[in-house]
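Student: Work the whole structure out from these sequences, hints included.
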Amino acid sequence: MSKRLILFTLFAVLALAVVPFAAAQDAPQTYKFAFVPGVNPDPFYVTMAAGVTQAAIDLGVEIIQQDPAAFDPTVQTPIIEALVARGDIDFLITAPTDKEQMIPVLEGVRDAGIPLLTVDTFIGDGDYENGEVTFPLTYIGSDNFQGGYIACSTLAEKLGAGAKIYIQNVRPGISTTDQREEGCKAAAADLGLEVVGVDYNEDDVNTAQQQTAAVLEANPDIKGVFGANTFSAQGAGAAVQNAGLGGAVEVVAFDASEFAIELLREGTVTEVIAQKPADMGYMGVITAMAYTRGVTSMPKRIPTGYAVMRQDNIDDPDIARFIYKEQ
Amino acid sequence: MTTTTIPIRRSAETRDQIINILARTWSLVFLLGMIIFFSATGPGFLTVRNISNILVSSTLVMLMSIGQTYVIITAGIDLSLGWTVGLASVVGATTMRNLANGGMEPVSAIGIGVIAGLAVSLIPGLVNGVLVAKIKVPPFIATLGMFGVIRGAAFLLTDGQNVVGNLPSVVRDSLRVVGNGSLLFYVPDAGFTWFSQPPDLSAEQLRTLQKLAPYPVLIVAAVVIIFAFILGRTQFGRHTYAIGGSKDAALRAGINVDRHLLLIYVLAAFTAGIAGVMHIFRFTAGSPLAGEQALLDSVAAVVIGGTNLFGGEGRLSGSVIGALIIAVLQTGLVILAVDALWQFVVVGIIIIIAVLVNQFQAYLERQKAHE
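Respectively, the protein sequence lines represent chains A and B. Under this note's numbering, the first residue of the first sequence carries the number 1, and numbering increases by one thereafter. Under this note's numbering, the first residue of the second sequence carries the number 1, and numbering increases by one thereafter.
Heads up, some of the hints might be wrong.
[Said to hold, decoys possible] A partial selection of chain A residues facing chain B, derived with a Cβ cut-off under 8 Å:
| no. | residue |
| --- | --- |
| 1 | Asp203 |
| 2 | Ala214 |
| 3 | Ala243 |
| 4 | Gly244 |
These are calculated hints, taken from the structure and not from any lab test. For every residue, glycine included, the Cβ atom is placed at its ideal position computed from N, Cα and C.
Tutor: Here's what the structure looks like:
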């Protein structure tokens with residue numbers, strides 16, 4: 001009995017440990033571009049991959065995509081190094097998982113003679129023109145500072161100058177969410193909103209709800225909350241609804257996963273700021289193609305914009321197409 | 001001779017008594033002190049709504065700390081509980097969604113989802129139990145391994161997504177009746193109502209709505225009472241302490257230590273399963289990450305509550321107070337608008353103080369034994 005249990009356990013553990021690896025594809029094509037996102041599956045990068053695939057079909061390029069299982073440089077590095085070792089890659093499109101630690105890895109790619117560009121995230125300070133790192137061809141991505149600025153200027157538009165707002169963020173030290181917070185604060189300063197405070201929830205919806213509920217008790221006159229990612233906004237929105245303030249307090253969420261849209265439809269959040277990852281993927285491939293064909297006038301920074309989603313426009317196909325894809 | 005020793009013994013006894021009472025109640029005294037402090041300094045802290053918020057938000061850590069108390073009393077630890085919460089919430093929410101989309105009535109779909117979530121939580125408990133009790137893997141290592149296995153399993157079930165959403169809105173509405181509901185509501189100018197809030201409240205009245213008996217709190221209170229009874233009043237509880245005190249002595253006393261330990265890990269995982277199901281009710285979605293952050297808080301709650309990390313002693317009431325201390329602290333610091341980074345520092349210091357008090361108590365007891 002116990003032996004059988006042990007065997008069963010061992011088998012179960014082994015079965016769970018074997019993670020299927022994506023098979024590399026062979027195909028006789030003129031150009032092969034490697035695409036290494038930050039982490040997958042993840043709605044943001046799934047959507048980006050859709051843009052990459054579309055551009056590849058349109059241009060007749062072969063894409064070799066390898067996904068890190070975690071947003072972590074130690075996971076991403078061996079993948080990139082293995083792709084370089086193949087020896088048949090003409091270009092690398094990647095979202096580096098750390099702006100410092102990935103510098104030497106991507107230098108290795110450059111030294112192997114493979115040109116590269118970064119999408120969504122960057123290495124160094126992101127300024128490939130005059131910054132500390134200049135060898136990547138270009139950085140294609142949305143400006144998170146601008147995203148935070150847009151989020152909180154829509155709050156200012158709705159609430160008017162003088163209104164009090166509160167920020168729910170993930171954890172200090174993440175470049176994207178830090179920049180969103182800074183952008184929101186800058187908008188608040190420019191447009192006369194008062195930021196009551198910022199709290200960090202460690203990406204935990206329970207904590208986000210607890211903190212927001214407490215802040216709403218202490219400051220009953222708060223009129224808006226900015227959630228720097230989906231869980232932050234979900235917890236904040238749940239606290240707002242529990243306090244009977246649904247409709248009276250605006251909750252803005254960042255990133256348009258399907259779950260965020262669900263929260264928008266049911267009223268937990270009132271606005272969703274969507275990045276355009278498919279644009280990043282598509283632009284990445286055509287820029288790489290242009291470079292490979294000898295085009296030289298590439299900008300070192302290609303900003304992609306945002307879409308602002310509300311209950312009243314979310315069924316508009318021009319807006320809905322920016323909802324991130326799950327698969 | 002006797003006349004001289006009596007006063008000495010008396011004073012020693014009084015001292016011991018005072019220390020004993022202090023050691024047993026310091027966490028309660030500390031909790032009350034914190035409540036008084038935050039009430040005096042934090043605007044909006046001492047309101048029915050805020051107290052109700054604190055109680056509801058403490059339920060997650062409290063549930064996990066119940067199971068953790070049992071495990072720690074046996075001189076073990078369960079690091080995998082947080083992911084068990086996530087696994088249960090993912091399985092429960094997926095079951096509910098699929099059944100409801102298949103045309104099942106929402107209440108039945110929710111019922112089966114709850115059973116599925118609770119049932120799946122038993123599996124990691126069983127594996128932990130087998131590893132620790134039968135194969136003698138140290139609990140820290142066994143449950144650390146399962147930490148990874150359960151995490152992977154939960155994410156495999158969601159295809160790597162953070163959330164299991166998309167529950168039909170009828171299901172979500174039914175979930176909310178429990179997760180955000182209360183047995184008794186009160187609105188200052190509309191009076192008390194049972195089971196649901198008074199109908200047709202204005203926006204102004206909604207803001208004064210008070211939930212006097214939130215269901216999540218009632219459910220957790222029931223779980224606490226049951227588990228406290230088992231630990232304090234049954235043979236199962238006595239055996240738990242015996243195993244933590246000395247495994248060899250427990251064996252000699254004829255206790256089936258292996259089977260008992262296995263059951264303890266299953267029990268602990270089950271409390272995490274309850275927490276996972278509760279997450280679905282409160283947030284109308286499942287998430288592999290549901291209990292990730294609460295794990296360390298649950299261990300902290302147990303330690304603050306006076307349970308000895310080396311086993312043999314501890315009380316469930318202490319862990320409940322520990323969980324409340326953490327929730328009051330986290331809410332109070334936010335209300336006082338303490339810088340977020342300092343909040344980590346303060347919570348950490350409180351945990352260290354708790355351990356120091358426990359060590360001091362153990363030291364005094366050793367001294368007493370030498371006398």
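Student: All hints, please: hold or fail.
Tutor: Okay, the hints, checked on the actual structure:
Given hint, A/Asp203 at the interface with chain B, holds; its Cβ is 7 Å from that chain's nearest Cβ, closer than 8 Å. Nearest Cβ of chain B to the Cβ of A/Ala214: about 4 Å, under the 8 Å cut. The hint holds. Because the closest C-beta pair between A/Ala243 and chain B is about 7 Å apart, less than 8 Å, the hint holds. Restraint check, A/Gly244 versus chain B: the minimum CB separation of about 3 Å is within 8 Å; hint holds.
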